[in-house]
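Build the full structure now, drawing on both the sequences and the hints.
Chains as they are written, first to last, in the numbering used here: chain H, 1468 to 1738; chain D, 1468 to 1738; chain P, 1468 to 1738; chain L, 1468 to 1738.
Do not rely on the hints blindly, as some may be mistaken.
Intra- or inter-copy, both count: the list cannot distinguish identical chains.
[Said to hold, decoys possible] DSS-like cross-link-like pairs, simulated, lysine-lysine; straight-line CA separation at most 27 Å: (1) Lys1542 - Lys1525; (2) Lys1487 - Lys1697; (3) Lys1471 - Lys1621.
What the hints contain is simulated information worked out from the structure, not anything from laboratory work.
There are 4 protein chains.
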Amino acid sequence: MDGKRIAQGDLALLVSKEGKEFLVQVEKRVFGTHLGNVDLGNLIDQPWGLTIGTHRGKTLYVLKPSLHDLTRHIKRRTQIIFPKELGFILMKLEVGPGKRVIECGTGSGSLTLALAWMAGPTGQVISYEREEAFSLLARENLERLGLADRVEFKVKDIQEGFDEEEVDALFLDVKNPWDYLEQAHQALSGGRTLGILVPTTNQVSRVLFGLEEKGFVYPEVCEILLRRYKANPERLRPEDRMVAHTGFLVFARKMLQGKGEKGDGVVLQQQ
Amino acid sequence: MDGKRIAQGDLALLVSKEGKEFLVQVEKRVFGTHLGNVDLGNLIDQPWGLTIGTHRGKTLYVLKPSLHDLTRHIKRRTQIIFPKELGFILMKLEVGPGKRVIECGTGSGSLTLALAWMAGPTGQVISYEREEAFSLLARENLERLGLADRVEFKVKDIQEGFDEEEVDALFLDVKNPWDYLEQAHQALSGGRTLGILVPTTNQVSRVLFGLEEKGFVYPEVCEILLRRYKANPERLRPEDRMVAHTGFLVFARKMLQGKGEKGDGVVLQQQ
Amino acid sequence: MDGKRIAQGDLALLVSKEGKEFLVQVEKRVFGTHLGNVDLGNLIDQPWGLTIGTHRGKTLYVLKPSLHDLTRHIKRRTQIIFPKELGFILMKLEVGPGKRVIECGTGSGSLTLALAWMAGPTGQVISYEREEAFSLLARENLERLGLADRVEFKVKDIQEGFDEEEVDALFLDVKNPWDYLEQAHQALSGGRTLGILVPTTNQVSRVLFGLEEKGFVYPEVCEILLRRYKANPERLRPEDRMVAHTGFLVFARKMLQGKGEKGDGVVLQQQ
Amino acid sequence: MDGKRIAQGDLALLVSKEGKEFLVQVEKRVFGTHLGNVDLGNLIDQPWGLTIGTHRGKTLYVLKPSLHDLTRHIKRRTQIIFPKELGFILMKLEVGPGKRVIECGTGSGSLTLALAWMAGPTGQVISYEREEAFSLLARENLERLGLADRVEFKVKDIQEGFDEEEVDALFLDVKNPWDYLEQAHQALSGGRTLGILVPTTNQVSRVLFGLEEKGFVYPEVCEILLRRYKANPERLRPEDRMVAHTGFLVFARKMLQGKGEKGDGVVLQQQ
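Structure follows, in structure tokens:
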């Protein structure tokens, strides 16, 4: 109820001592893993943070999943945006309780999830995707996580434009974002942030050229690297390998446009 | 009202074409910069995303500040946590609308701000700090940003323990976090995440030793690097220099403790 | 003879269009790969830089191996030092034509190879290793590369000290370098550089404590990250993954010691 | 004589305890620093590795400079190639005792120095530069370091081609390397490595397009990041800031060309 005790239908993260993770929905059923079976029904009404033993004598920690956990456990059929980028995107866009945000494309729904989590029950996420199969997968992912009611999934090519106006933030995760900058400009509220993720430097250049033309200013480009360490206090050292690249993040601000000329905007004259 | 138009009292981010930023509160007053003066009163009731000229003929973009903007503009008297870390912390902790979160110490309030933004009006942030001057500065920062009512500032040494129990997340940004792991364990709900930031590898090792002993499991250590690019589409390249280090992030999960022995927890017996 | 044409006994690097590499010794023999067989005898007396077809119709580039190529192709039974570190070590130590350099331990011989290559026929590398099997492997590796005559391989625990004195540079790649700092100090010429590679931060700290005590000054600690890009001009982007860590490099300079007290050195009095 | 004792004319690296460095030529003269004066004549015939006091009572370590030290102390009027890249370039190109290597442009001579050091007295470096002033500066730098006799400095636009053929390696550090790939191809021996440094991603793409066309294969692109640590064993941590970018390194191998068609090469037919 209040989150202190595990309720039927809750999502739980089960973690072995070796760090093997399982994200499960708590119901009266037996959950089988290569470490042995556990009767999830036994968890109901128990406090979070206990340990459960499998029938093979292995131990699993019963943890309440964070947004980071949920993100890593969505079912994916596309390249997803990683938590290291998601966290930064949340900071850069005007995302938070009560905000109204557009993303395109939905993909497997990792950003959808982060936006829905942070927009909260009073906010709204509108998620566009051209491929129906991806949209359905993302919806399924968010339903499983209990957040689907915060999201409007639309299967639609945004070539024709977004249905919304005056949204607080907009994120493009598509192959050719430069083709949709006008549409993004139209949907976004003035002075707000457009975010874009692209994997190649050529795409970054093309986006930057487009932003200049389409009424966006203050472009920023960055990339985020996450390096994990082996958590051994006596032999502390980075992991051997790491993700070297997922994508470049581009951010820019929508300016209101005057006569539609390049670089022109609505200028407030000082008296 | 609805955020489409600038209201008296709103915070606005003014940005020059060269990227010089000013975070101002919109009131009927003249704001002076080295680029010239602007009459902020003229902005009232105008839409966001327009351009304002200074009396010297310089142009400033009028942007609605994101959480990232606000964070960079808090007044600081301490080392602050950077947006690159803040975003990831938000993902890892159970932060979001309606959550109840503790941080210690408050410092200048950059994490306080991020937590308050995301916890929203239905959430609560409790922020502990030993130095009254810092606590006051952080409160002042959050008042300026209109988010102080979401935060309870406490000037208090946590040696005696936190006043709260069953919080959704807890973050320690203090010199000697290993000394407060028991207190953190007591305040945190079971299965939830403790986050810690420390600058040195020696501190990471000490924290990891402590976590093992004090009832936390699944420790994770990482660092986040942000690399910015010069946003020139014809000469795209990383900036010459970057922040190489702010700190190491450590996360771990609270387990309920049984008889208080090391490594022991409340084990749910399978029948 | 002069390196323009391939001679019998030369090492050649064969590379497929997909980047699969084979380092071979050119002799009158058939070399079999999964891409098909090639008759290496046909290469003799041909110029470098041609293309050879396998009996399956696959194409292999015939390249003259660089030091970087040779390093990646040594047979290894230990963790080797990577080229990204090797290049920097060569810069930091006084290595070059005619220099006399010690390393310990030999391992599989990747640093041995780099030192021998750069010390040249007039230089000398003395390589210590406790495990005879490793020393033999490294010798075999260098014999194959035609550089073994520049190296003196010693199977010996350096606890008793090095046999040499007044060497130009000394590198320690052992688990417990802090135990051998006195021995290293004795073997190294004054004012020269000691290099050390260790994988963990705890080892770095122990080494730094030891250096202060044992007559070394000006300690430097660094790590080197190499990020590769997919060489596609239309889709330029970093590789997905990279090596996140091989080790920390520590360098320090030998000072002559006076009365043997900590921090004391031979001080030249100014008149 | 043998390097054990300091001789008149030797280069010495003087380093204060705070890490302030001075590269000086040892002569009978007084050398003035903000830490006080030292009489360099007193160093003659003394062993390396002693400590010298300034007239103000400050202490300076007297160290024998490594290639890394020399590189950092060349007089520069251009962006130089950094040691972190230099070391890797040495590994990738066929540089070493007795090798014959071309670079263009000379710039301030940091790569010239590294090549000359490693090529040794039996090797040769040919260094092209269009700007006479830079060439003279680099020559002056190498004369000061006693290595100018290993280098042939040429003030010449390479549009017309290099004067040499069959060199062991070739490095281009110019703004528009794609314009000189044919010239580079002609000068380089078959199967050898061409190295290129460019700062922007757009340049990398242009180079890669050119390499395909001009008879080079096996292109590789990478960048090298060096992160320094504060050498405090009790508070070990990375430096606050680091160099985020100097340039991208591109390497490729020269293939002999047949009929001059794209992608075509001299193919050795298997019988």
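So, going through the hints one by one against the coordinates:
| no. | hint | result |
| --- | --- | --- |
| 1 | Lys1542 - Lys1525 | within (26 Å within a copy, 40 Å between copies) |
| 2 | Lys1487 - Lys1697 | within (15 Å within a copy, 32 Å between copies) |
| 3 | Lys1471 - Lys1621 | between (36 Å within a copy, 25 Å between copies) |
Going through the hint list in order, the structure satisfies each hint without exception.
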